[in-house]
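Since the structure of chain F is already known, use the hints to place chain Z with the ligand on it.
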Amino acid sequence: MKKNRPVNLNLSTVQFPITAIVSILHRISGMILLPGVLLLLWMLDMSLASQASFDTLSEWLGNPLLKVALWAILAALAYHFVAGIRHIIMDLGFAESFESGKLTAYISLVCTAILVLLAGVWVW
Amino acid sequence: MVTSVTSFGRNGLSDWLIQRFSAVVLATYTAFIVIYLVAHPGLTYQEWSGLHSQLWMRIFTLIVLLSNVAHGWIGLWGVLTDYATDRLMGAIALPIRMFSMALYLLVALAFIIWGVQILWGVN
Ligand code: HEM
Numbered sequence: 001m002k003k004n005r006p007v008n009l010n011l012s013t014v015q016f017p018i019t020a021i022v023s024i025l026h027r028i029s030g031m032i033l034l035p036g037v038l039l040l041l042w043m044l045d046m047s048l049a050s051q052a053s054f055d056t057l058s059e060w061l062g063n064p065l066l067k068v069a070l071w072a073i074l075a076a077l078a079y080h081f082v083a084g085i086r087h088i089i090m091d092l093g094f095a096e097s098f099e100s101g102k103l104t105a106y107i108s109l110v111c112t113a114i115l116v117l118l119a120g121v122w123v124w
Numbered sequence: 001m002v003t004s005v006t007s008f009g010r011n012g013l014s015d016w017l018i019q020r021f022s023a024v025v026l027a028t029y030t031a032f033i034v035i036y037l038v039a040h041p042g043l044t045y046q047e048w049s050g051l052h053s054q055l056w057m058r059i060f061t062l063i064v065l066l067s068n069v070a071h072g073w074i075g076l077w078g079v080l081t082d083y084a085t086d087r088l089m090g091a092i093a094l095p096i097r098m099f100s101m102a103l104y105l106l107v108a109l110a111f112i113i114w115g116v117q118i119l120w121g122v123n
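From first to last, the protein sequence lines stand for chains F and Z. Taking our numbering, the leading residue of the first sequence gets 1, the next gets one more, and so forth. Taking our numbering, the leading residue of the second sequence gets 1, the next gets one more, and so forth.
Watch out, some of these pointers could steer you wrong.
To be verified - If you want a taste of the chain Z side facing chain F, the calculated C-beta under 10 Å gives, among others: (1) Ala23; (2) Leu26; (3) Ala31; (4) Thr44; (5) Thr61; (6) Asp82; (7) Ala84; (8) Ile92; (9) Leu119.
It should be emphasised that the hints constitute simulated quantities derived from the structure, not laboratory data. As the structure is a computational prediction, the values presented were derived from the model and not from experiment. For every residue, glycine included, the Cβ atom is placed at its ideal position computed from N, Cα and C.
Pulled out of the complex, with its shape left as it was, chain F reads as follows (with noise of 0.2 Å):
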């Protein structure tokens, strides 16, 4: 095959904008929260059923794996909460042009880290 043949579409130079980033982290985020909520649910429940459930919550809340999966989900949680209000914002008709949903999208994943970082030192 020729060496300098034409490109017509170099993929490499195509990058997704980190607005749509923002957007498809979204979306997954809200996927692994359909069944993190179950998870949320037992733990209200077990917290809630009596004294004594309560404290085998808190006792197995020290496991290592539960953790995990409880930070996996806040995680989740922070994101879509974080992206969920500024997607209604812009449902409300502000900053929905190119340039300032850059800056919100920013502004977003800094958030986040945040709230993420603050849900770890939370659960550890």
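Then chain Z with the ligand, alone, in the frame of chain F:
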């Protein structure tokens, strides 16, 4: 084409609105619980069950669970009708959509009944 009869409110605009309203409810609850937990370090069972034995908290939480079911239904429907389509998957798309929504409905019903039992079981 994907028919819309399985959407939550039977039309796109009402689905769109329900998803926004439910999102606000879910966000309010999330913020409330986070602030409550931060304000009560070393939370005891007495405080926690005391909060949930109040009628307003039971009603609030139940509204949140119902909002969650509606929000997730609309969300899942949107995702499925984007990817589980005849064009992307062929004839298997319809059974996949139907199975997923049926499964969701079953789990959602159990979710609500379970939630009611948790909330009204607190004393
Ligand atoms: C915490 C507060 C929440 C907020 C502010 C929020 C906000 C939103 C918004 C605005 C959308 C619409 C996105 C669009 O039309 O493209 C959405 C979609 C979605 N949400 Fe939520 N949500 C929240 C909680 C949840 C929870 C708890 C779940 C899971 C049970 C969930 C699951 C989903 C799913 C699966 C979608 C569809 C994703 C998509 O179409 O891209 N959300 N959310």
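Quick rundown of the hints versus the structure:
1. Interface hint at Z:Ala23: satisfied, since its Cβ lies 5 Å from the closest Cβ of chain F, which is below the 10 Å cut-off.
2. Because the closest C-beta pair between Z:Leu26 and chain F is about 8 Å apart, less than 10 Å, the hint holds.
3. Here the hint on Z:Ala31 is kept, as its CB sits about 8 Å from the closest CB of chain F, short of 10 Å.
4. About 8 Å separates the beta-carbon of Z:Thr44 from the nearest beta-carbon of chain F, less than 10 Å, and the hint is met.
5. For Z:Thr61, the suggested interface contact is upheld, since its CB lies about 8 Å from the closest CB of chain F, less than 10 Å.
6. For Z:Asp82, the shortest C-beta to C-beta distance to chain F is roughly 9 Å, which falls under 10 Å, so the interface hint holds.
7. At its closest, the beta carbon of Z:Ala84 sits 13 Å from a beta carbon of chain F; the interface hint therefore is violated under the 10 Å criterion.
8. Because the smallest distance between the Cβ of Z:Ile92 and any Cβ of chain F comes to about 20 Å, over 10 Å, the interface hint for this residue is violated.
9. Annotation: interface hint on Z:Leu119 holds; nearest CB of chain F at approximately 8 Å, less than 10 Å.
Checked against the numbered hints given earlier, this structure breaks hints 7, 8; the rest are met.
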